[in-house]
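With the hints as constraints, model all of the structure from the sequences given.
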Amino acid sequence: MQEATFLILTALASGSQHGYGIIADVREISGGGVQLRPGTLYTALERLRADGLIAVDREAIVDNRLRRYYRLTPAGSDRLAAEATRLRANATTALMRLSPAGGAAT
Amino acid sequence: MSSDLEQRYRRVLRLLPGWYREQWEEDMVAAFMDSWLTGDPEAGAYIAKAVGPGWGELASVTGLAIRLHVGGASTPRRHAWGQALRRAVLAVLLVHAVLAVNVLVFLLWSRRLVSWLPAPPASLAVVPSGMWDTLYYLACLAWIAIFVTLTLGHYRTARVLATLAIVPNLVALLQAQLTGVLPAPFGPWVFWILVDLAPLLAMTAFHRDAPSAAPRPWLAAMPAGYVLVYGPLQALQVTGNYAWLPDFSGMCCILVTLACLVHAPRAWSRSAAGTGLWSLTLVLLAAVAAALRIVTITRYLNDPHLINVSLAELVIMLAVVALVAPDAARAQATAPASPPCPQAMAA
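Residue numbers (my numbering), protein chains in the order written: chain A, 99 to 204; chain B, 4 to 350.
Source of the hints: derived by calculation from the structure; they are not laboratory data.
A portion of the hints provided could be inaccurate.
[As the list claims (entries may be wrong)] Computed from the model, here is a short list of chain A residues facing chain B with C-beta under 8 Å:
(1) Ser114
(2) Tyr118
(3) Leu164
Each residue gets a CB set at the ideal place from its N, CA and C atoms; glycine is no exception.
Structure, rendered in structure tokens:
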């Protein structure tokens, strides 16, 4: 799973969000490292919808603009959990090997 | 009231298919405008007037447009076109790869790696001399790698290699154009565009959402194409019996004609299902072959016999393609008109 995809799913894990909400949340989660453009976001959303990982939750009109809110589907939650577990296992292994006790002798 | 910035962004969004814009344009515009406007009215007014969507945004929308126009499995009617286009690109790359295999064979033969084999005729020997020659032949051979990597799903690698592989021919054309030795004013350019540039651009239809082709039959087609088609033609040429051999464009017309003749019974059979995509692929390939034939016919302006032969190749191909065209039309007609609407998906 690409980092941007992982971050979009993570942004939706705490509740439904509209397009710009996802962009802002992804920026915050990544510490400013990932700045999604709307075109990139909607490419990812299109793919995630096609894969059944997200769905449209509701629509609202705010400041005369349509806001469509997206949410994780159960399949999306499962996929995110599996990916997070995998990343945590990799990170744990890396940190263990970097620590003086677990690392290779130098 | 919409701002200049919003108008400019909406113009960019026109790249997207109508059905997609109908569903998502307002959402995208809202996200885009929110990402620019800061809440400060003065700054907002300046940004709305002076700032544009930018190259990055243009590139990301273009990427989305390509994905949707020649889409993956989730997109509607264009799915049939996308599938047919991917097959047509693979077929064109297969031709490139078979030609590259031929270069490889003659390269090895010219180096006399098989000692008992007599030397190839001087006119067919491949002996690169100098850096430019070496680059040219490397670019030829690269098509084997391009075909294999694309078939195996390494799309980005294939695109990078293809971008590099078309450069030598482009440089040669530019050089010929600038030095005034180009044999015809536009023919060689159109040939390069059709044979080199167009397949490279069409390779954007290969992306991770698109269904991948079964690699084995395509990979097997490369040696088979050489052994069964190109090798015998080369053997004729080596033995001096080449007077009646068609040129490259003629060969393309003949191959498409034969493929249509083989495919036509299935396309007309009521029991055979799923033939439409191949029919559509053959129609696309016929369009490319016809364009090649028309462009290269200008080489024979002083030879009425060859003009007649070329026209015959073209007319026969078009007549035979008409046999599979109805099936190709049905392939599009049976594709869904639009994807499920968002609300339905949200349910």
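Which of the stated hints cannot be reconciled with the structure, identified by number in ascending sequence? 1
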